[in-house]
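There are 2 protein chains.
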Amino acid sequence: MIRSTETIQGYTYGGKDIQPSLVSMQELEDLKVTVGWMDDDPIYLRLAGEALEDQAEQIVDHWRNGIIAGIPNLARHSRTPEGTPIPDYVINSGKRFQQWILDTCLRPYDQEWLNYQQEIARRHTSAMKNSVDGVRSTPYVPLRDILAFIPVMNETIKPYLAAKGHSTEDVDNMHRAWCKSMQLQTALWARTYMDETQGSSEW
Amino acid sequence: MIRSTETIQGYTYGGKDIQPSLVSMQELEDLKVTVGWMDDDPIYLRLAGEALEDQAEQIVDHWRNGIIAGIPNLARHSRTPEGTPIPDYVINSGKRFQQWILDTCLRPYDQEWLNYQQEIARRHTSAMKNSVDGVRSTPYVPLRDILAFIPVMNETIKPYLAAKGHSTEDVDNMHRAWCKSMQLQTALWARTYMDETQGSSEW
Numbered sequence: 001m002i003r004s005t006e007t008i009q010g011y012t013y014g015g016k017d018i019q020p021s022l023v024s025m026q027e028l029e030d031l032k033v034t035v036g037w038m039d040d041d042p043i044y045l046r047l048a049g050e051a052l053e054d055q056a057e058q059i060v061d062h063w064r065n066g067i068i069a070g071i072p073n074l075a076r077h078s079r080t081p082e083g084t085p086i087p088d089y090v091i092n093s094g095k096r097f098q099q100w101i102l103d104t105c106l107r108p109y110d111q112e113w114l115n116y117q118q119e120i121a122r123r124h125t126s127a128m129k130n131s132v133d134g135v136r137s138t139p140y141v142p143l144r145d146i147l148a149f150i151p152v153m154n155e156t157i158k159p160y161l162a163a164k165g166h167s168t169e170d171v172d173n174m175h176r177a178w179c180k181s182m183q184l185q186t187a188l189w190a191r192t193y194m195d196e197t198q199g200s201s202e203w
Numbered sequence: 001m002i003r004s005t006e007t008i009q010g011y012t013y014g015g016k017d018i019q020p021s022l023v024s025m026q027e028l029e030d031l032k033v034t035v036g037w038m039d040d041d042p043i044y045l046r047l048a049g050e051a052l053e054d055q056a057e058q059i060v061d062h063w064r065n066g067i068i069a070g071i072p073n074l075a076r077h078s079r080t081p082e083g084t085p086i087p088d089y090v091i092n093s094g095k096r097f098q099q100w101i102l103d104t105c106l107r108p109y110d111q112e113w114l115n116y117q118q119e120i121a122r123r124h125t126s127a128m129k130n131s132v133d134g135v136r137s138t139p140y141v142p143l144r145d146i147l148a149f150i151p152v153m154n155e156t157i158k159p160y161l162a163a164k165g166h167s168t169e170d171v172d173n174m175h176r177a178w179c180k181s182m183q184l185q186t187a188l189w190a191r192t193y194m195d196e197t198q199g200s201s202e203w
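Here the protein sequences line up with chains X and Z, keeping their order. If you use our numbering, the first sequence corresponds to residues 1 to 203, in order. If you use our numbering, the second sequence corresponds to residues 1 to 203, in order.
Just so you know, these hints were derived from the structure itself, not from any lab. None of the values given here were measured: they were computed from a predicted structure. Relax, there's no trap hidden among the hints.
Since the list gives no way to pick one copy over another, a pair counts as held whenever it fits inside one copy or between any two copies.
Only pairs whose alpha carbons sit at most 20 Å apart, straight line, appear in this in silico SDA-like list of lysine to any residue:
id: 1; residue 1: K32; residue 2: A75
id: 2; residue 1: K158; residue 2: E169
id: 3; residue 1: K32; residue 2: T156
id: 4; residue 1: K129; residue 2: G83
id: 5; residue 1: K32; residue 2: W63
id: 6; residue 1: K32; residue 2: G66
id: 7; residue 1: K32; residue 2: G70
id: 8; residue 1: K158; residue 2: T168
id: 9; residue 1: K32; residue 2: W113
id: 10; residue 1: K158; residue 2: D170
id: 11; residue 1: K164; residue 2: H62
id: 12; residue 1: K95; residue 2: Y116
id: 13; residue 1: K32; residue 2: V152
id: 14; residue 1: K95; residue 2: G14
id: 15; residue 1: K158; residue 2: R176
id: 16; residue 1: K158; residue 2: H175
id: 17; residue 1: K158; residue 2: D172
id: 18; residue 1: K32; residue 2: N154
id: 19; residue 1: K32; residue 2: I67
id: 20; residue 1: K32; residue 2: N73
id: 21; residue 1: K32; residue 2: D110
id: 22; residue 1: K95; residue 2: W63
id: 23; residue 1: K129; residue 2: Q19
id: 24; residue 1: K32; residue 2: P72
id: 25; residue 1: K32; residue 2: R76
Using the sequences and the hints given, assemble the complete structure.
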């Protein structure tokens, strides 16, 4: 399932240093109800994960080089404050980005997953951005940029979901489950931003 | 355009008491770039608004009575702390909910719109919830519940967008513009939550 044939720098899912989430499993369950989570959503996410597995590199390339690179306001987050590219940072965070696509689809949404959601969010706030990779870059990614980039990902993921010949209905169900997961995750990340940033500075 | 043949209790769009948004028009422009906003999105939103105009009541009824009513965690926000329905609150906030659908589609996203986004968000935080209607209900709607309900709205709006016989391509474009607007708005609301709540309590 989860590809990890090669070690991904800074990818520490399930590791001992990951702090427990401030969100409880019960709160996650309530959130799932709100988001309209169905019993078959994990099934369609798994199907999506299988479809996306060998396309994850291409998808992240599409998002980063095809879209983010053309938006200076977003592109700066993987560069130095002076705007110089940081190749290793791009490579390693890109691999983690790919792995996140697969984790979204293939991991059970259990306590370990919940904890890592918080870790992912912290790595985008000033609490931890740059530290994992030991780089000098923007101090944080504003939450608004994450929230606003979601529809771009939701839209552009469609052809990749459809690329393996599944029926239109299956692709629609995979996409619906994907979109629900995005909203679950961003809701969790918003909590971390509120905890870590104490006010609006990293909005 | 914007229907206001009847006065809507507590609907104060463009009113003198609306505070200026803490978000600048430039920040809104940057957000639009991130969200992939296109020149024809306002055109498709207008088309959507025209399609939804005489269905807004039905849509809000669908969301509230068809979905929210079945989720106690959400339904409580229009009831007293003891769980008693508050009919006037439901009616008036329902009309504002309908008007919000139309404003999403038919209003220009200018300074007035930006200011009212902040007002809408404040009315969901403890800064202002209940005060507009003078009711006793939950002190705030957690941000997570708003974020997590977005995909439900995005999904269920589809048949209403398609109900007026537009081409599949037009309906897709209307839906895409709608989804982008949802993310723009939730990003703006997140800012207000961070400003107003200073930490995670209303996450």
